Amino acid sequence: MKALAEKIGSGNETPYDKASAITNYLRANIRYATSLPPAPESRDPILWFLFEYKKGFCNYYASAEVLLLRSIGIPARLAVGFAQGTLQNDTYTVRKRDTHAWPEVYFPGIGWAEFEPTVSQDALARPAASQNNAGINPVPPQQKARGEGDETATANGITAAQPRPAQFAKTPLGIGLIFFVPILATALMAFLIHRYRLIGRLTLYLFKSWENSGLTTPLWAENWRRWNHLTPLERAFANVNLSLRWLGKPQPLYATPAERAASLSKLMPSAAAHIEALTFEHESALFTPRPANLSRARRASFFILLHTLRALLQRIANVFTGEEAAR
4 MKALAEKIGS
14 GNETPYDKAS
24 AITNYLRANI
34 RYATSLPPAP
44 ESRDPILWFL
54 FEYKKGFCNY
64 YASAEVLLLR
74 SIGIPARLAV
84 GFAQGTLQND
94 TYTVRKRDTH
104 AWPEVYFPGI
114 GWAEFEPTVS
124 QDALARPAAS
134 QNNAGINPVP
144 PQQKARGEGD
154 ETATANGITA
164 AQPRPAQFAK
174 TPLGIGLIFF
184 VPILATALMA
194 FLIHRYRLIG
204 RLTLYLFKSW
214 ENSGLTTPLW
224 AENWRRWNHL
234 TPLERAFANV
244 NLSLRWLGKP
254 QPLYATPAER
264 AASLSKLMPS
274 AAAHIEALTF
284 EHESALFTPR
294 PANLSRARRA
304 SFFILLHTLR
314 ALLQRIANVF
324 TGEEAAR
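Yeah, the sequence shown ends on 330 if you go by the working numbering, and it's all consecutive.
By construction, these hints were calculated from the structure, which means they are not laboratory data.
Keep in mind that the hints are not guaranteed to be accurate.
Computed cross-link-like contacts, DSSO-like style, restricted to lysine-lysine with a CA-CA straight-line distance of at most 27 Å [unchecked claim]:
(1) K5 to K99
(2) K57 to K5
(3) K211 to K252
(4) K269 to K211
(5) K10 to K57
(6) K58 to K10
(7) K99 to K57
This one's a predicted model, so the numbers in the text were calculated from it and none came from an experiment.
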């Protein structure tokens, strides 16, 4: 198997290119079949599938790619779930027959990325970097140099300095808004989260009622149901996504947790240590046998949210001070 992987990957320098080459090889050389006869007793099922029978379904495709990649030192894992289903009237319908398996490859600094070797599924089309960022991170207009644009003409044509508004953020009220309001808001949010289980049970009841009556389930109910199925650690990491949305930098669906954390660290360098701690515990729970430190993750998540609220309030304060208009 290693010899085949090296042969397929020859001429490709990066792990991504090698993974893509192996994916393309499987799509080109293995036929899709919904059922297979038992492998000969003396043969390994994946080796028999890959070198002799050369027909199979998603479990075989994905397992073969994972083993090929691992044989040449590229970290890979098998993921199972569902394909996207059937699109009709802007809605995807996913059924039991859409169960699917695929390989995922780990890239340092990025995280796990999925590949699609099963030929019955469409090949993955990864947008170019320039397309990914289009409309997501617009370049802010250049700031004027200090003092520019601060002068206005008087009725006599004499240029006079226009006084700036009071430095609201430095007043007692401004300091109170920046430091105490986030604490109160966070306490209120913690109280609501504590009562969330009651709301969650009510949402599940309503969801079943809508489903049984054939009505379309509202989007907010779908979101509540997803939240109820998250683990405590996933709920803690959800504050990363929430902060990115609140700060006006929502990430595309294909962004990995590591990419989302890196984007938030760039937006809020003051919270980088907390973001790193939360990401470490999140990745430890997903990819290592070490149990995550849930208390540490929750504490980091709390401080990330606190930094986000401060950043939002600072933006509001900037509006009062006129700094936002000068940007």
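**Study point:** Pair hint outcome, K269 versus K211 [Cα-Cα no greater than 27 Å]
**Key:** Cα-Cα ~41 Å, so violated.
Check your understanding: Given the hint that K10 pairs with K57, does the C-alpha gap stay at or below 27 Å?
Key -> OK: K10 and K57 at ~18 Å, within 27 Å.
Review point. Within a Cα-Cα threshold of 27 Å, do K58 and K10 meet the stated pairing?
Key: Judged against 27 Å, a Cα distance of about 21 Å means the pair holds.
Exercise for review: With a cut-off of 27 Å on the C-alpha distance, tell me whether K5 and K99 pass.
Suggested key: violated, 35 Å
Exercise for review: Take the C-alpha atoms of K99 and K57, compute the straight-line distance between them, and say whether it is at most 27 Å.
Suggested key: Within the cut-off at roughly 25 Å; holds.
Review point. Are K211 and K252 close enough, with their CA atoms no more than 27 Å apart?
Key: Distance of about 34 Å is beyond 27 Å: violated.
Check your understanding: Keeping to a limit of 27 Å between CA atoms, is the pair of K57 and K5 held or broken?
Key -> holds, 17 Å
In this structure, the earlier hints numbered 1, 3, 4 are contradicted, and the remaining ones agree with it.
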